[in-house]
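Asks: Start from the sequences and build out the full structure, keeping to the hints where you can.
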Amino acid sequence: MSIKQIVAVVIVATLGLTLGGWALSTRLMSPSLNPPLSNSTAQYTDSNWTFPSETWPSTPLPDFRPVVNKVMPSVVSVTTESVTSDFFGRQYTESAAGSGIIIDGGGYIATNNHVVEDAQNIYAELIDGRTFPADIVGTDTLTDIAVIKIDATDLPYAYWGNSSSLSVGEWVLAVGNALGEGITATEGIVSRLEVSMDVAGNTLYGLIQTTAAVNPGNSGGPLVNMSGEVMGINSVKIVASEVEGMGYAISSDTAKPVIEDLIHYGQASYPWLGVGLYSVDPSVAAAMNLPVDRGALIAELVTDGPAEAAGLRTGDVIIHFRDDEISNVADLVRALRASEIGEEVEIVFVRGEDTKTTSVQLIERPSS
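If you use numbering that gives the first Met the number 0, the sequence shown corresponds to residues 0 to 367, in order.
Keep in mind the hints are simulated off the structure, nothing from the lab.
Where hints are given, some of them may not hold.
Claimed, not checked - Straight-line C-alpha distance at most 30 angstroms; calculated DSSO-like pairs for lysine-lysine: (1) Lys-255 to Lys-69; (2) Lys-355 to Lys-255; (3) Lys-255 to Lys-148.
Everything numeric in this text was worked out from a predicted model, so none of it was measured.
Replies: Written out as structure tokens, the structure is:
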């Protein structure tokens, strides 16, 4: 076969494929194989249809900028230096970062106890870049609160608000030296109030739970509401791979009297009962065969303490303290801290099947 014949065969074959494809397409589009749309579908079509023009009423989003501008100048970055030893006993200086809140124009700064604990040197950096050495005024391990002071005047300071005015769902901002990278702000809402949490063997009471991101370095910084008022001191968060948005702040109502004591006396003082307590709930009541399913169970009693002197015993369940009903340990701690050293208060408790009343005179909590 000549070259011309081969070319002719290829052209014919190509043309045949093309024509065959055209024929196949024609058959697929044939009315006999593709029936028209049914009447039930066609009757709902409308060539003039458009989207409705009504609009939903808009909900204004919160503007955090005025709050940030108001609060940030009163927040400081706290850097601490402490001497520690490695595995071989060699000493070296270790630095850590935290935050603080300027609480007056004369240089007093509130922060967490765990931020400055065991520090040999403390430095506070203002938002304008000035850095000052700081001295410890007083610390309180029980509430994880500390006050430090810098030698400066005319400082911008935060306004201390009342955390009792907070509601679940309210917008808040956490401001602080996150990760030691400088002062930042994160937004969230109040998730829960009056939370109790065990931290390193110490129970913190009256905490505010928030979805605002609280990262390492935020400790000691403020949690503020949309008016820029300090509602709490950021202190702790739950860290786990399956946990998101669970940060906690010490409420401003809890912190305020402690800060005042630290500035006035260098230490905080509390009324003391001399008891170890355990919260009673229905499961505890069933397990221990208790006649009540709420209250604060006396698990330990300090010899010669106020509670023992008032005739209380281990196993008694306190259900009323002064004017407050007691459903758990947090209720009793809150009522106790609202009392005065030297005050005589009435306690209602359950012993066995009997409900009894006694009076106890509160004394100052021993430093030990």
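Asks: All hints, please: hold or fail.
Replies: Do the hints match the structure? See the list:
1. Only pairs whose Cα atoms come within 30 angstroms are accepted, and Lys-255 paired with Lys-69 is accepted, the gap being roughly 21 angstroms.
2. With a C-alpha separation of about 35 angstroms, the suggested pair Lys-355 and Lys-255 falls outside the 30 angstroms cut-off, and the hint is violated.
3. A C-alpha spacing of about 16 angstroms is found between Lys-255 and Lys-148, which places the hinted pair at or below 30 angstroms, so the restraint holds.
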